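*Asks:* Residue numbers (numbering that gives the first Met the number 0), protein chains in the order written: chain A, 0 to 311; chain B, 0 to 353.
No lab work stands behind these hints: they were computed from the structure.
Among the clues, some could well be false.
[Unchecked claim] Some chain B residues near chain A, calculated using beta-carbon distances under 10 angstroms:
1. Asn144
2. Gly191
3. Trp195
4. Thr312
5. Ser318
6. Phe329
Quantities reported herein were computed from a predicted structural model and do not represent experimental measurements.
Here a beta-carbon is modelled for each residue, glycine too, at the ideal position from N, C-alpha and C.
Read off the chains here:
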Amino acid sequence: MITLLTGMLATAVLAGGVLALAALGEVLAERVGVTNLGVEGLMALGAVTAVMTVSSVSSPWVGLLVAGLVGAAGGMVFAFGAVVMRANQVLCGLATTFMGLGLSTALGHNYAGQPVTTTFGHVSVPVLSSIPVIGPALFGQNILIVPIYVLLPALVHFVMFRTRHGLNMRAVGENPAAADAAGIPVMAMRFWYVTLGGAMAGLAGGYLTLTYVPVWSEGMVAGRGWIALALVIFAGYRPVIVTLSALLFGLVTALSFVGQAHNWPIDPAFLNMLPYLGTMAFIIVPVVVWHRMRRVMAAPAALAQPYYRDVR
Amino acid sequence: MAARAFQRLPSAPAGRILVLRLAAIVLSLFIIAGVLALSGHSPVTLAELILRSTLGSRFGLEDLALFMCPLLLTGAAVTVCGTIGLWNIGAEGQFYAGAIAATGVALGLHGPAVVLLPIMTIAGILGGMAWITVPTLARAYAGVNEIITTLLLNFIASLLTYYLTTGPWRDRISGAQVSTQRLPVAIPEMWGIVHWGFPVAIVIVVGLALVLSRTRWGYEIRIGGANPEAARYAGIPVRLRIISVMLLSGALAGLAGMFEVAGTVHRLQGGMANNFGYLGIVVAVLARGSCLNVIPAALLMALILDSGIVMQTQQLSASVVLAITGLILFMIAIGDELAHYRPVASTTPKGKAS
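With the hints as constraints, model all of the structure from the sequences given.
*Replies:* And the structure:
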């Protein structure tokens, strides 16, 4: 039982980390009022470029860096359309996903199916990793787990809710006209946070192929970008809650793994549906059960609305 | 203050949209040609090859019609949803659901095609509607974002298809992988390999255009999309309209799946939806909310898919088509926004005699 629980939590932490990174990036973009539906495509690009990089440079850090840079570049392309040109955000996002998925498959053609040998290896933090159940999961896997689950969300939370800059940032997402009148550079704010969100989607893709699933194949992102988008809504656009829900979500994924490993009498296809069914339940059940949730977890008021200075 | 040289109009004139879209497509083609040239393919020979094997040959034209058929229906599915201001990103899943339901009927019942085909059609429609039911109710009664819920169901439908075609419904006769056996009935063909689903799809799209523009229901849908508050104030039951529109949207996508399985592929296969659901979004965007425009939009999209076949023969992976579609969609999104701007006669500073 203990080994089962330990194994499940370890898988959950790994699987959830991918989502946590991507979803935290999307929180940044949505808090300044931009929905980036391109996360799925940017993750695919990050995943494939990380694999391509480590096949010639044997350092996972360089692979992760390249994945992040590629994600940032993709985020900039999206931001050019959705923020600078003020085109429809849903369309630009879908277009980014199409481009990302198509390009990543074309780029990764020669790398498909080959196991990645350069990955983030196991790191055991001396005392902490011997804590039963949670120790091996949190401190006995790879070096990125603590940054992803603790440092980054804490940093984003602090900046967003405890600094003047964070207040400005939220103002841009709630009421860009007022923010503009107060002298906050709305466009620059949106552009750079969307780019940062794209970089984190790229990192999430790189993290996917450098730790959790060390092989590139077409369609391997498998909707994780969309799940990350759903988590952002579920978590009410809050950085700490989004990270926790990514972990919760990782548990759902781990459940399907455990089921397959222990030969539960359920077809793997149905176990593989669990993450998607779980996400559906995550975003529907809370609003139905607890009506006040809709107000408490409301989206930024100017979400998905382009800002025109001269049109009121 | 310097005078602004451009003014943003609340809605863009159709002429400007057309011009800017052509510019967007031409620019996309130049970018694609540049990338192809850099990767060692000759864009000119490729373009010639594409033109010859799509519009310039009987087979190319037949393929074009076969590609158009599902795109017309999924494009219409996304368009009707868009009329009331909602995005159905789940046409892919509803397509699978329709295909699964129709296949279930074909494999489970026995009888002449005259009897089976109508039942399969109804099953396909109901399958598509069933697949969008949960997102519909969640949207109408709890305000849950339909983009995410409809999309997540695509993955579930795809996994379900995979399960059926490798498990209970796998091909036991010829042993084809991830596929059912050949269905006992098929939609009759009318021109080469083009089946009767194609003209039916066109009739449906035209009929929808009439319903949306000429009936009370269509009017209420359009008002509900343009201004939900005003619609509610005017006594239009917006919630019921949302439900009916979303179910109709699912029905259209389900029908697309039925046509594809009974007319084109003749088997239920894993991956058979072939992105038709997602490309339906592109078609709907190109159509700008008008069902009649879905026809030329589906034609353009079918042309792109048809050229994808040629590219595959030239050692370019099929995924390139998806990237190209994305690029064109991106450029068109920008072009549509730019079409809102009208150059204003540059206002010379006051007091300066002209």
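*Asks:* Against each hint, give a clear statement of whether it holds in the structure.
*Replies:* Results of checking the hints against the structure:
Of the supplied interface hints, the one on Asn144/B holds, with its beta-carbon coming within about 6 angstroms of a beta-carbon of chain A, less than 10 angstroms. Hint on Gly191/B is violated. Least Cβ distance to chain A is approximately 30 angstroms, over the 10 angstroms limit. Checking Trp195/B against chain A by beta carbon gives a least distance of about 31 angstroms; that is not within 10 angstroms, so the hint is violated. A cut of 10 angstroms between beta carbons decides the hint on Thr312/B: the least distance to chain A is about 16 angstroms, and the hint is violated.
Below 10 angstroms, beta-carbon pairs count as interface contacts, and Ser318/B has one with chain A at about 3 angstroms; its hint therefore holds. Because the closest C-beta pair between Phe329/B and chain A is about 4 angstroms apart, less than 10 angstroms, the hint holds.
Checked against the numbered hints above, the structure violates hints 2, 3 and 4; every other hint is satisfied.
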